[in-house]
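Trainee: Okay, here's what each chain looks like letter by letter:
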Amino acid sequence: MRRARPAAVYLVLLAGAVFTLGPFLLSILTAFKSREQFARESTLAWPDPLTPGNIVALLTGPAEFGRAILVTLLAATLILIGQLISSILAAYAFARVDFPGRNALFWVYLSTLMIPPVVLVVPLYLMMTEAGLRNSFWSLVLPFAFASPYAIFLLREYFRGIPQELIDAARLDGASTLDVLVEIVVPLSRPIIATLTLITIVSHWNSFMWPLVVTSGSEWRVVTVATASLQSQFNGNWTLVMAATTLALVPLLVLFLVFQRQFVRSITFSGFK
Amino acid sequence: MASSSVARRGALRRRNAITGYSLLAPSLFGVACFLLLPVLIVVWLSFQSWDLIGPVSFVGLDNYRSVLTDGVFGNSLLVTLVFVALVVPIQTAIGLWAATLLTRGLPGSAWFRTIYVLPWIAAPLALGVVWKWILAPTDGALNALIGQRVEWLSDPSLALPAVAAVVIWTNVGYVTLFFMAGLLNIPDQVLEAARIDGAGGLALFWQIKLPLLRPTMFFVLVTTVISAFQVFDQVYALTQGGPARTTDVVAARIYYEAFGAFDLGRAAVMAVVLLVILVTITLAQQLYFRRRVTYELE
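Chains as they are written, first to last, in UniProt numbering: chain X, 1 to 273; chain S, 1 to 298.
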């Protein structure tokens, strides 16, 4: 077989790129169209006039999208902080402290990676209801803020690569375990912490099933749930619905384009999600 | 002397235990409360009857009997299997092909790679809603493009393939990324030697590259099978399990059983079955992988 010419390869790659980007571009273009133009002209027509009306309507109107964005960001940030602190502490214990039961516990942590999130939805809902936390901000945060076995696993691998001499030297100078963590381990682990930050923010910005189940009404709605409810409420009003999907998609696209190297590395490195 | 060193070692052990468990405390709380306890609760709940409002009552195996005999869950399992069988092979093939095109050292490859991964990091629910419009019968973009009215999502024979296509579109970039890494890991000398022996193009791919990609292939297949088994967001956005339950995958069925029909006992049974299936797949993969590795070392 002859080796395919670069021109042919580029043609295939370009077709793939158009097909991949198409839905994103359609969502954004339609979001900036007036409803009248959408009804009158071809769905593929360029927006004329280009109007931010749909986006503004979402952010200021009864859909309360602005609030949903804030709730999502706040929940994701708190989950991130909680997960990073608890995972760094646990990973250091597993990597560098020789305590009884260490291997057995690590095995238990690892085995929880096999539990599919879908399975947890019903019992967590029951727990949140019993605790009186259903449809509260904390029900979005609590189940995820204390531990991510996955993050612990990745951090432990990384911590094991930090030279023990550095830690011993600090110890001789009288540093406590927390000093060692804050002054040596965390600064040396910036790349993996950056990776985990991206993974956590992305997966909780995108998260849908749990917020859908545990919240009701618009008070603690997250962006994905607000998008879904808008679609069922205004089925057919596609310019408004596409404004919602655009608001849900674009922030992550920007984040991705800014940090694309880190993203690509973290996906191949960790196989998230 | 000896006794003091024993005492010192005892003190060190005790101090390590205290340090270790204090460091673990927050995550131990999280793992116990929000991962292990829910699994116990879901197993317990599968033997109860509960409608979210009334009292919880023990019903023995009744939920299992009804779930395993009334055909609704059987249908969901079948739909999920067909879905996995559609999605995984197709996205693996496309991803592998894209990866071979992107590892030829052509300028701009990194850009294409970035573009292809975009759908993977975006919200599956939002993308599902975008595709719902693209595939809409009268004012959808796809029908406008082909100039025909096709009921992509409400025709029972088209709905599942359509949902599968959207999920494939989402995942291809992720698969591509792994195969690119795998292909770039093949040593140049191996490929050079094969070329000198006269292998080119297709032969090089089938006889040299593909066998060397086996670990990557294995990883990709296992992770994508497991995630395809749990698909929910796209189904919720596109079809809500319809038409006529042709896209009623297991995760959607659990959701509708629990929060649509308010039968938490039955939903718990389905969750337990899904847990058993996915844990079995993971353990089987572990066993297989261990055997393969030792085989290769011999």
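Please note that a few of the clues may not be correct.
Said to hold, decoys possible - Here are some chain S residues pointing at chain X (derived, C-beta under 8 Å):
id : residue
1  : ALA17
2  : GLY20
3  : ALA123
4  : GLY147
5  : VAL150
6  : ALA193
As the list claims (entries may be wrong) - So these bits of chain X aren't anywhere near chain S, every CB distance computed over 12 Å:
id : residue
7  : PHE38
8  : PRO47
9  : LEU113
10 : PRO116
11 : SER136
12 : PRO149
13 : GLU157
14 : GLU165
15 : GLU219
16 : ASN235
17 : ALA248
18 : LEU257
If you're looking for bench data, these hints aren't it; they were derived computationally from the structure.
As the structure is a computational prediction, the values presented were derived from the model and not from experiment.
Virtual Cβ for every residue (Gly too), placed ideally from N, Cα, C.
Trainee: Determine which of the earlier numbered hints do not hold for this structure and return their numbers in increasing order.
Mentor: 4, 5, 6, 7, 9, 10, 12, 16, 17, 18
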